[in-house]
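In the order they appear, the protein sequences are chains A and B. According to the numbering used here, the stretch in the first sequence is residues 1 to 397, in order. According to the numbering used here, the stretch in the second sequence is residues 1 to 397, in order.
Any given hint could turn out to be false.
Because identical chains cannot be distinguished in the list, a pair is counted as satisfied if it fits within a single copy or across any two copies.
[Unchecked claim] Below, in silico cross-link-like pairs of lysine-lysine (DSS-like), each with a Cα-Cα straight-line distance of 30 angstroms or less:
#1 Lys122 to Lys9
#2 Lys225 to Lys9
#3 Lys59 to Lys9
#4 Lys229 to Lys140
#5 Lys122 to Lys227
#6 Lys227 to Lys9
#7 Lys122 to Lys140
#8 Lys225 to Lys122
#9 Lys140 to Lys9
#10 Lys9 to Lys229
#11 Lys140 to Lys59
Everything labelled a hint here was simulated from the structure, so no lab data went into it.
Number of protein chains: 2
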Amino acid sequence: MSDYLNELKPPHRILMGAGPSSVHPRVLQAMTAPILGHLDPDFARIMDDVMVMLRIVFKTSNSLTLPLSATGSAGMEAAFCNVVEPGDTVVIAANDYFGDRMVDIASRCGAEVHTVDVPWGKPVGPDLAALEREMQRHRKVKALGVVHGATSTGVLNPMPEIADLAHRYDALLIADVVTSLGGEEVDIDLWGVDISYSATQKCLGAPPGLSPITLGPRAVEVLNKRKTKVQSFYFNLANLETYWSENQNRVYHHTAPISMIYALREALRMVMEEGLEERIGRHARNAAALRAGLEAMGLEMFADPGYRLNPLTTVRVPGGVNDAEVRRQLREVYNIEIGGGLGEVAGLIWRIGLMGDSSSESNVLAFLSALERVLLDEGYEVARGGGVAAAQRSLVG
Amino acid sequence: MSDYLNELKPPHRILMGAGPSSVHPRVLQAMTAPILGHLDPDFARIMDDVMVMLRIVFKTSNSLTLPLSATGSAGMEAAFCNVVEPGDTVVIAANDYFGDRMVDIASRCGAEVHTVDVPWGKPVGPDLAALEREMQRHRKVKALGVVHGATSTGVLNPMPEIADLAHRYDALLIADVVTSLGGEEVDIDLWGVDISYSATQKCLGAPPGLSPITLGPRAVEVLNKRKTKVQSFYFNLANLETYWSENQNRVYHHTAPISMIYALREALRMVMEEGLEERIGRHARNAAALRAGLEAMGLEMFADPGYRLNPLTTVRVPGGVNDAEVRRQLREVYNIEIGGGLGEVAGLIWRIGLMGDSSSESNVLAFLSALERVLLDEGYEVARGGGVAAAQRSLVG
């Protein structure tokens with residue numbers, strides 16, 4: 001009855017699901033620093049550091065670049081509710097669970113939402129004919145929404161082409177880079193993405209709890225020309241910007257989550273130390289090894305070749321194998337978490353994350369070895385050692 | 001230019017502002033525990049512990065009691081946007097900055113908002129005639145909003161009477177207990193409060209970042225009978241409840257801020273160890289000593305006697321004294337943060353918090369001693385040692 005009086009002792013899992021990813025001890029340690037007030041000049045300097053590094057990671061010079069005091073789904077909500085007004089037309093290119101979430105969120109903002117569905121596991125593009133037809137059908141599309149790295153399917157959508165399309169129809173492009181930022185090429189300014197948001201617990205290597213967001217000049221203009229109030233107080237970027245402004249007149253909006261900002265600063269500092277390109281390269285290298293290992297074990301990838309997301313690999317659950325039982329054994333026997341399928345692919349795929357600190361050679365090898373043993377236990381025949389050997393070849397390669 | 005590459009080294013301030021309060025090392029330490037996945041059964045048990053202890057602290061048996069993944073202002077937004085539909089009538093009894101924020105937030109939900117203003121520094125009640133007249137004027141009031149412990153004025157509003165009034169007019173009572181929970185008597189079920197929300201960084205003793213919220217049966221009924229969708233996805237309590245449910249079928253909604261939940265569990269565990277009544281007593285005792293000290297120094301309280309909030313004391317800035325300079329010296333020379341006035345009392349009052357771990361005898365004495373020296377420096381004559389001596393007498397007495 002009073003388990004809650006017991007000491008907190010969570011097990012030390014290897015986090016290879018769809019996020020959160022494992023967090024480096026240095027980042028956890030940063031959260032033990034003493035709390036500062038949210039208007040303390042010393043805290044303001046920490047906020048400045050975070051904004052500078054977020055701009056480097058997003059590859060943007062956007063002034064309005066800050067971490068929302070909530071998780072990634074809040075970033076999606078803030079992206080839509082700040083620029084969409086009731087009655088606006090919004091188009092979503094949906095090829096995963098989070099595209100569907102965009103549809104839900106944009107409707108809650110009062111938008112008239114039109115969806116261009118792409119089968120799960122396939123990319124949106126490079127053939128954008130269907131999306132272009134949808135854009136043409138409307139007098140004015142306020143925003144086009146797309147998920148860059150589709151966390152529920154393991155697909156990486158080709159962004160620059162989609163951004164071009166949005167701008168030809170004078171629409172804002174809202175791009176979800178929750179799973180890609182810090183683990184795949186993301187270039188907000190070069191691509192011309194107008195609004196983009198991410199989350200701290202994937203490739204950035206911090207705990208969950210914050211959602212970095214950035215708005216370019218076109219989006220800021222739309223924000224400034226709104227006729228109605230933003231329906232959310234908490235996510236109202238015009239006011240948040242006055243708190244996150246890099247001048248001496250910060251205006252209180254809400255109490256910032258101080259310890260989480262400390263963690264984000266330390267995680268971003270580790271990204272800077274590693275180098276963004278080197279980090280993206282690490283995510284690519286480890287993902288390639290994982291895929292080589294899985295394919296050597298006879299498993300079938302879910303996402304289309306050429307559009308596979310490095311931070312998150314999706315693979316079909318082999319016929320006759322009990323999805324939940326495999327994940328349970330991985331968790332309970334080998335202390336490894338992987339993700340199951342979400343939505344329409346629940347029970348059909350596994351989602352194996354190699355994000356942030358979780359993206360390491362040792363995790364790839366430990367996971368392949370554990371999976372082999374669990375599959376053998378489940379009566380699924382795989383060549384012993386084949387997965388690990390293939391991964392090793394890929395890593396040396 | 002690259003300060004962001006430097007080690008994170010925030011100073012160790014004594015936090016005696018309006019929150020955040022200082023956080024005990026045990027609570028900070030809890031955040032260094034390894035991250036678990038948000039659907040891990042081991043994390044589910046931690047969530048259960050948090051819910052059980054939140055119910056104890058709120059004094060409620062409400063099933064829908066959970067911490068929102070955002071700060072206290074988000075609690076206010078969630079409270080209104082879940083039960084208010086466009087066109088509903090909402091009445092706010094406003095006697096501080098956060099009452100005004102309630103007006104703003106309820107309007108953003110599409111409510112027709114009516115305000116009963118009470119001068120800042122005065123309580124809402126016990127004379128509720130003006131509020132009752134406002135309630136009578138409308139065919140149907142959906143919700144009555146009031147702040148229990150007014151953080152911008154230091155006033156504690158008498159809740160049970162206000163709850164009775166709301167229910168006589170069949171309105172839901174929404175009570176903000178951000179500053180009072182854990183530091184003043186709060187009895188959600190006995191008082192019949194329908195929706196209440198708090199924040200972790202005040203008297204609960206955790207870092208900022210979460211907002212505990214609780215909904216009683218009347219509120220849940222209103223939630224279930226909504227005709228329109230809740231405008232916020234992120235704060236939609238019907239879905240959040242399926243994730244926070246105490247059964248085996250937790251459904252993913254968003255990735256919970258794992259480390260913050262660890263911190264909240266540890267902070268609540270410390271509340272349990274101390275005892276809720278003892279904790280409230282500690283807040284009262286230290287606040288009494290602080291007031292005795294301030295009055296002995298010739299300073300004038302801002303809030304009406306009999307309605308002063310123990311976690312936060314408000315005092316008028318003496319004539320001729322430079323508000324900002326005093327606070328700067330306290331911060332830079334004595335490492336003590338206190339709050340300035342917000343909104344219409346900016347520059348006119350100081351807000352001195354004794355919340356959670358910050359509510360200690362040593363903080364009271366250190367602050368009074370530092371304030372005396374700063375005021376003397378500023379040319380304001382006070383009897384040397386008088387404040388500290390009066391506080392000591394109060395503590396012994």
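* 30 angstroms Cα threshold - placement of Lys140 relative to Lys122 -> Cα proximity of Lys122 and Lys140: one copy only (28 angstroms, versus 52 angstroms across).
* To do: Up to 30 angstroms between alpha-carbons, please classify Lys229 paired with Lys140: within, between, both or neither.
  => Both ways: Lys229 and Lys140 sit 21 angstroms apart in one copy and 25 angstroms across, limit 30 angstroms.
* **Within, between, both or neither, where Lys140 and Lys9 count as close if Cα-Cα is 30 angstroms or less** => neither (54 angstroms within a copy, 50 angstroms between copies)
* Asked: Given identical chains, is Lys59 near Lys9, meaning Cα to Cα at most 30 angstroms, within a copy, between copies, both, or neither?
  -> between (39 angstroms within a copy, 27 angstroms between copies)
* Evaluate Lys9 and Lys229 at a C-alpha cut-off of 30 angstroms and name the case that applies: within, between, both or neither. => Neither: 45 angstroms inside a copy, 39 angstroms across copies.
* Asked: How would you label the pair Lys225, Lys122 (within, between, both, or neither) given a Cα cut-off of 30 angstroms?
  -> neither (37 angstroms within a copy, 39 angstroms between copies)
* Classify it for me, Lys225 with Lys9: is the Cα-Cα distance of at most 30 angstroms met within a copy, between copies, both or neither? => The answer is neither: 51 angstroms in one copy and 41 angstroms across copies each exceed 30 angstroms.
* Can you give me the call for Lys122 and Lys227, within, between, both or neither, at a CA distance of at most 30 angstroms? => Classified as neither; 38 angstroms inside a copy, 37 angstroms across copies.
* To do: Could you place Lys227 and Lys9 in one of the four classes (within, between, both, neither) given a Cα distance threshold of 30 angstroms?
  => neither (51 angstroms within a copy, 44 angstroms between copies)
* Asked: Which holds for Lys140 with Lys59 at a C-alpha limit of 30 angstroms: within a copy, between copies, both or neither?
  -> Close inside one copy (29 angstroms), not across copies (52 angstroms); limit 30 angstroms.
* To do: If the cutoff is 30 angstroms on CA atoms, where do Lys122 and Lys9 land: within, between, both or neither? Let me know, please.
  => Cα proximity of Lys122 and Lys9: none, with 41 angstroms in one copy and 47 angstroms across.
Checked against the numbered hints above, the structure violates hints 1, 2, 5, 6, 8, 9 and 10; every other hint is satisfied.
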